[in-house]
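Q: Taken in order, these protein sequences are the chains called A and B.
In this text, residue positions in the first sequence follow our numbering: the first is 1, and each later residue adds one.
In this text, residue positions in the second sequence follow our numbering: the first is 322, and each later residue adds one.
Since the hints were made in silico from the structure, they are not lab data.
Glycine included, each C-beta is placed from N, C-alpha and C at the ideal position.
Misleading hints may appear alongside valid ones.
[What the hints assert, rightly or not] Just a few of them, taken from the derived set where beta-carbon distance is under 8 Å, the chain A residues facing chain B:
1) Pro137
2) Phe218
3) Cys239
There are 2 protein chains.
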Amino acid sequence: MIRLAVDVQSGDFGPDAVVRGVVEAYASSSEPFVACLCGDEAQISGVLDGLGGGFDRSNFIIEHCPDIINDDDRRTTVWKNKKRSSIVRCVSLQKEGAADASVSAGDTGILIGSALFILGRAEGVSRPVLAAFIPTPAGPVLIADVGANINCRAEHLAGFADLGCTYVSRLFGKRDVKAALLNIGTEPSKGPEVVRKAAAMLEGDARYAGFIEGSRVFAGDADVVVCDGFIGNVMLKTCESFYALTSEYLSDSPGTFEKLTRKIDALNPENYGAVPFLGINGTVLKAHGGSSVKSIKSAVLTAVKAVVNSAVGAGGDLSGP
Amino acid sequence: MIRLAVDVQSGDFGPDAVVRGVVEAYASSSEPFVACLCGDEAQISGVLDGLGGGFDRSNFIIEHCPDIINDDDRRTTVWKNKKRSSIVRCVSLQKEGAADASVSAGDTGILIGSALFILGRAEGVSRPVLAAFIPTPAGPVLIADVGANINCRAEHLAGFADLGCTYVSRLFGKRDVKAALLNIGTEPSKGPEVVRKAAAMLEGDARYAGFIEGSRVFAGDADVVVCDGFIGNVMLKTCESFYALTSEYLSDSPGTFEKLTRKIDALNPENYGAVPFLGINGTVLKAHGGSSVKSIKSAVLTAVKAVVNSAVGAGGDLSGP
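All chains should be built: construct the whole structure from the sequences, respecting the hints.
A: See the structure below:
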């Protein structure tokens, strides 16, 4: 049975939204799982009691986490100073072998720091990558990195291509996965030196599809778009914000807007649920800080899928399933 | 009378689209102008003849430009080796005092190189900036830079803020223009060193509005969003591509799509027309390579507006009109 650790105390809507999201995911998952709910015992019990029956409560284990992370806590040391905080405890449960994956809507820096220090890097990985899917007519495209690494060197970008291709190929059981380097042109002479150097390192790799411009990201020319975390973060957030603007503009045409969202729904944080942190020894998914019940539900379902497909793994066969 | 130099030979649709665009702009402009059409004389005459009457042909002067730029021509030297090419001739007419502004849909590198070498930097400017407007519910937001400068230093970013604010304030006659630095968070400790250094340089400037995340760009929190040209280029092109995707998805709901485009039309290259190159001695506007008749028309109208408002100028009063 799959065991998931869920950080119930993080996220803008608190334990109520997170616990409900996990229970909804449980109800709709084709794969049964046990959820270890990390947070305040009394609050979690309260939410579970409020939900009444209709689900097997023995599959929801409460892990009481009394430590509270404050603004004063340093992100780089919180994983050892606040071991009984909900976010750190989630990741620790994986290290102890009590969980197969963890999901948190908490602070990105703290989550990836905890994952890095507690679980460690996978073999051969110099920089783990935070990756997020965006929707395209050709299917989801993975953007790597979206904020874990800034000021990347060429070898880091080349590594992101590798980690991204492995994840996409395993998660979807897809062969011939292609990665492209985000650039401001497609000619070899274009762009900053770091991107051109990464291209030279990836040359000869059958999965490498060359440079991709911003104008082709949504065209789905590549399965994985590789970039520095600063750029990926800005790109993802700008698109989310453009999506929100479009939603607002279409709000008086509800039928049309629903049709649109069904097609491009992955840009709605509610729907893409969670982004994986790739290249560490374990499956750690970061849910959006503003996660609603629906977002947590999809984050949990993504975690289940990732575990079932061993999508996040250390090294191994990178050429596909 | 305003005099515009227009590069008729560049752009994906050739002299036919460009000449038609200029004539349409002439017909709808409240400010009369003389257009100097730079390109192949026979082709331009042919297009003008084909348009029949209805406009004062004496306001359309043909400047024959026999030089053709090839892929072999180096971008950095083409301005002196191909002086009689349409793109270089446009900018030269400004230097000679025969034109107040120029518009070209040609290669960005060649255009900004020619502008830089022929017209020169404005006093006190170390890096001129290519800036583009995006639409927001609060009005247009200027992104600076969108591709002229990559690997920017902090002082370059601080300079972009200054150039951008001056342009917006003059073009729209707007006071209290604010510039923000694009970053992956709003806390002072967030982001790469270059961005934090630029923030320190802008601190104390009344026009500086702090960091802005990608998620707030379309919220219109700032009039000018400052970033490295690599990031600005990717952001702009990604949004264009997302816009195109939205258009495609809404194509079977024509009424709704038209309503949407009326609101967010600036992201459609057809409508935003041209982006200014700021910080040089002259008004040089880059139209989209894929410019249609409509795009050229709006590029020309933007050029007229920029000249009338002295929006692009050397130094001067930066505190508003």
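Q: Determine for every hint whether it applies to the structure shown.
A: Against the structure, the hints come out as follows:
1. At about 7 Å, the closest approach between the beta carbon of Pro137(A) and any beta carbon in chain B falls short of 8 Å, and the interface hint on this residue holds.
2. Of the supplied interface hints, the one on Phe218(A) holds, with its beta-carbon coming within about 4 Å of a beta-carbon of chain B, less than 8 Å.
3. Evaluation of the Cys239(A) hint against chain B yields a held restraint, the C-beta minimum of about 6 Å falling below 8 Å.
Figure legend: structure checked against the earlier numbered hints; every hint is met.
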